[in-house]
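Chemist: Hey, can you work out the whole structure from these sequences and the hints?
Chains as they are written, first to last, in UniProt numbering: chain A, 1 to 344; chain B, 1 to 344; chain C, 1 to 344; chain D, 1 to 344.
Treat the hints loosely; a few may be bogus.
It does not matter which identical chain is meant; a pair holds if it fits inside one copy or across any two.
As the list claims (entries may be wrong) - Result set (BS3-like, lysine-lysine): computed pairs, CA atoms no more than 30 Å apart in a straight line:
id	residue 1	residue 2
1	LYS76	LYS250
2	LYS259	LYS334
3	LYS244	LYS264
4	LYS104	LYS76
5	LYS14	LYS264
The hints are simulated quantities; they were obtained by calculation from the structure and are not laboratory data. Owing to the predicted nature of the structure, the values given are computational and were not obtained by experimental measurement.
Protein chains: 4
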Amino acid sequence: KDNKNNKTQQNLGKSGLRVSCLGLGTWVTFGSQICDEMAESVMTVAYDSGVNLFDTAEVYASGRAETTLGNILKKKGWRRSSYVVTTKIYWGGQAETERGLSRKHIIEGLRGSLSRLQLDYVDIVFANRSDINAPMEEPFIPAEIVRAMTFVIDQGMAMYWGTSRWNAVEIMEAYSIARQFNLVPPVCEQAEYHYFQRDKVELHLPELYHKIGVGAVTWSPLACGLLTGKYNEGVPESSRAAMKGHAWLKERLCSDEGKKQLRKIKELHLLADRLNCTPAQLAIAWCLRSEGVSSVLLGVSNTEQLLENLGSLRVLSQLNPPLIAEMDVLLGNKPRNAKKEAKS
Amino acid sequence: KDNKNNKTQQNLGKSGLRVSCLGLGTWVTFGSQICDEMAESVMTVAYDSGVNLFDTAEVYASGRAETTLGNILKKKGWRRSSYVVTTKIYWGGQAETERGLSRKHIIEGLRGSLSRLQLDYVDIVFANRSDINAPMEEPFIPAEIVRAMTFVIDQGMAMYWGTSRWNAVEIMEAYSIARQFNLVPPVCEQAEYHYFQRDKVELHLPELYHKIGVGAVTWSPLACGLLTGKYNEGVPESSRAAMKGHAWLKERLCSDEGKKQLRKIKELHLLADRLNCTPAQLAIAWCLRSEGVSSVLLGVSNTEQLLENLGSLRVLSQLNPPLIAEMDVLLGNKPRNAKKEAKS
Amino acid sequence: KDNKNNKTQQNLGKSGLRVSCLGLGTWVTFGSQICDEMAESVMTVAYDSGVNLFDTAEVYASGRAETTLGNILKKKGWRRSSYVVTTKIYWGGQAETERGLSRKHIIEGLRGSLSRLQLDYVDIVFANRSDINAPMEEPFIPAEIVRAMTFVIDQGMAMYWGTSRWNAVEIMEAYSIARQFNLVPPVCEQAEYHYFQRDKVELHLPELYHKIGVGAVTWSPLACGLLTGKYNEGVPESSRAAMKGHAWLKERLCSDEGKKQLRKIKELHLLADRLNCTPAQLAIAWCLRSEGVSSVLLGVSNTEQLLENLGSLRVLSQLNPPLIAEMDVLLGNKPRNAKKEAKS
Amino acid sequence: KDNKNNKTQQNLGKSGLRVSCLGLGTWVTFGSQICDEMAESVMTVAYDSGVNLFDTAEVYASGRAETTLGNILKKKGWRRSSYVVTTKIYWGGQAETERGLSRKHIIEGLRGSLSRLQLDYVDIVFANRSDINAPMEEPFIPAEIVRAMTFVIDQGMAMYWGTSRWNAVEIMEAYSIARQFNLVPPVCEQAEYHYFQRDKVELHLPELYHKIGVGAVTWSPLACGLLTGKYNEGVPESSRAAMKGHAWLKERLCSDEGKKQLRKIKELHLLADRLNCTPAQLAIAWCLRSEGVSSVLLGVSNTEQLLENLGSLRVLSQLNPPLIAEMDVLLGNKPRNAKKEAKS
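Modeler: Next up, the structure:
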């Protein structure tokens, strides 16, 4: 595997696809929080800085995120082969048939995405997971998904497919189905990853990486802004936590757990000061240091924020083992492998 | 799935094999802690009470557990078809080639077990896991295991095979290999399960049950006696925790975590009193209530203990949802599914 | 196999594709060393002389070789079915995603090639190898390559696929993956072959030809001009060895090994004189005589050179076994099969 | 992979089979050069010293090697599971049908071996190669071999199968056939390996190890005694080179190449003196140091020789990188990976 401290591009899992360590997400921002001009500025700075991965989803801003992204790509005229576009399928519309992971919706949904993106294909199409508690008819639905994904790849509508918010067993199941029926297995999982959400990316995905080559693209490195210190003194009016539809975020902040996390965040700020970087840069560099992570998606509202976030690449080289150990003690949530049990 | 409150036998996972809800383990007892006469009495009471599952392993008492079990089965002359014998392969002898999960040891080890058991076949042979941190050459070793297990089944040396102390991804991998190469997949996992060890059986195995039909046979329902209250007032001289080779148990009891658990155990005793049952009965019934569990293995030193434990079947009907909820609050460790995440 | 002394066309490996014994390469020349008018003259002479194989690569002259080749093919208006065009994928552009053998670059790279060539399809697309020491994630990357090659064939973008500068085990692995997953195996390997580079083409590829039908298209029959005697008296200013980016060639010429080779070259010139042919004709005929070779690619700067090179076909009939044996003695590097070993 | 400097047992390739780093061969000795009493003494010392791998072949001493080995194993009464017996099939008798790698001879030959060995199964059966120049009907014969090997494994006559003196492409072909038809792939190759025979074990087998998990069992670590210095002053009358049927050895010694090798051997003796070990110990330790080697087979005529050879395990820890580099310079035949070629 590449020494990430020295490289800014690496293979996505064990696939041949080269992606930048930092990718640009469009969630909440494109087609919604920020105007199209700002979106264009942000993308331009990102592309010029070596970011080649742009992530969106059919559901973001009801499709407007894809439309904005597509418009900018068209306007900029960058070579299609020089960047990677990923989207996610799950909620595509109001009709009952326009959501979920039926063959019908995977194909129709991706067609809609391609149309909004004004592209012939995306590089990775993700099978999103709406509700991890929703039952799937076993083994019919998983087989339908893998077959539909193989279809869109064979049609040239996508280069690869991945999963988004699936657990390790679900991903293994998809792999197993692909092997059994000679279909295309997924190449990566898109997962939440930050100081307070570690188990999946640090514990479960590395096992999948070694066994079946699945890589990890992670999102929310700043935990919706929590880690920037934005909420250290309460919820500002203009912040995401104050937005409609983000009540859950505000609730979380005010919970006991939330308060405990805020205390840790403050300590991490002192550490960032010591390293001469911002709290956000430290948080992003910390994500990048994880061996299982192929790319970390950034979500930014303006170019200043993006440039600051990109500075995390410089911080990465400072994250030596003693410092990582110090952060693990501070966080107190390092995932441990199930320890040796007593019985034999 | 059967309503377990009314039945004492059920299918092992989604296989056709019917096993009693309570099985008899031979760990630490047969060929070691208890004399062969007591072992015979225990087995007789068990069999007469409807227990049809007898579990052992090549390593238990260096093979003497299997020898004792085999002698009793032979002496009693019960019809071979009326009971289920399971054993586990991993440590078979001192030689380097007599341990592990090579094809050679799986086949030779099982032959040794059958010879000591004086049986032509076991019903389930388990691939034990010695050290869950030991790396496996991927995908060669897993494929070798599945192929060897299929061989012993095709040879008639075992009816089914299962895993013991494997994690969910490893089991899925074995299933995937079986599907890819048209081999026999495992039917169950043997796992530790009690008040203080819940995640695997309550969280991960149910998913495997739904996806690939793997059932759970669980052991240590009393956490090596901890839950009976035996250690409530310290470690008695005659108890397992005072035995050679069980220092780990004593240490655990004296840790902060151990003290916290002892407090909970005392509260559960009050609950058992309220239900008019013993703490052990409550603990075993609590295991049985779990939808993922096909059978709970008991480890007993005498017939009184066995009869007491078997009484848990009566307690099971009292474990209604409000009571289970009360116990969950008391235990404070109910595994939660990763809750719905905010982003889509 | 055809008696090549009498035929100028033969099957490519064990495929049905008929290729001329001599093909025309575009490396270093098209779009670079020679003007488009000369390129057209050369191609016209070649085509009129029975050459039906034109080889290029996306990387040659940064794509201009393909553009020139495509322009000439369009202008000449020869029937598409009357010739064979081959290209190679590996380095397509500056972006990280525009190089290598990812599915993305194989597909996008070939699209770029087809666009420059103004063709709907090439006859063979080669998976080039940049760095034979670069590790590949096994078996993920090889599987991705075979799958992508099958895709471009199924899309009609190529008739066949081949490998370029892969070793025998790597080619067998691709074949194995194709068989296992019901994908399309490669039909030929493109390899360097001349007096001083013999092992692969004489020793390893014939085995692949017999086992899996892979043919050999060879290049550099004159070792970058070395064998013509061009460098017998030093490095002329206008020669390739004096060009920027070819310092390696000059260095090689001046090494001890290089001086030894120059002595042999002088002796071969005497032999050519005896046969009444030029040194280049002898060298090319010598390549053609090898049973493993389906086609030898020529690289020429003008029509005179081409016509001279094509004369090698007449020389071929003179290369009888005694003469070949004489040349082997002179060269002193005939690859030997591992001889019979003593132990059984 | 195990740190071989500290361990004397390791996995055979990527299989689960544990074999001792040093194995005992029976070629030329058992049933021939040495009497059965000596054979028994040698085996007893070997087994007691931790050697668990005993290698023979149906052809050795016309079957008497197997008979002797079987008699000793029976007499000693060691547990079958505590050692590994391997044999090789190719020449089984005078009749035309009693040699080669037909399904008929593989099955009948192995039955004969088992009968002479008085065993129910061998651990590894090797498909020997008589004549590497003999053509095989492609792909029929290779498929017949893999299918017959799978049959004897499914019958329980062998635990694993391997190849002996096959080249890398042939082994890949067997693997490919096994994958395509869901048969059992080989686990190791038996190959000659010593100071003057390096390419296969150092260059080709490591690639197979990484790609398909095939391990290497090597033989002739002393090059038929050449490396012990036995022939430093000519061919002694009692030596192997003076024996009937070993004229090839004498010839080799007297060739120019042979004389050159003798000079190197003398220098290596000085090195052995410096390390305070015998030339044979140095030569064997040098074989063991190679990362691709799972086990080195010793051929000894008496217990003194065996004990001396076993001392090589102590020498192994002295073979640090600088020393290995020094030996490489001295030998002047370190295999090199095909270097980067110029063309792209």
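Chemist: Confirm or reject each hint.
Modeler: Do the hints match the structure? See the list:
1. Within a single copy, LYS76 and LYS250 get their C-alpha atoms no closer than 38 Å, and across copies no closer than 44 Å, so neither meets the 30 Å cut-off.
2. In this homomeric assembly, LYS259 and LYS334 come within 30 Å of each other (Cα to Cα) both inside a single copy, at 19 Å, and across copies, at 23 Å.
3. Taking the shortest Cα distances, LYS244 and LYS264 sit within 30 Å of each other inside one copy (27 Å), while across copies they are farther apart (42 Å).
4. Proximity of LYS104 and LYS76 under a CA criterion of 30 Å is satisfied inter-copy only: 21 Å between copies versus 33 Å inside one chain copy.
5. For the homomeric pair LYS14 and LYS264, neither the shortest alpha-carbon distance inside one copy (35 Å) nor that between copies (45 Å) is at most 30 Å.
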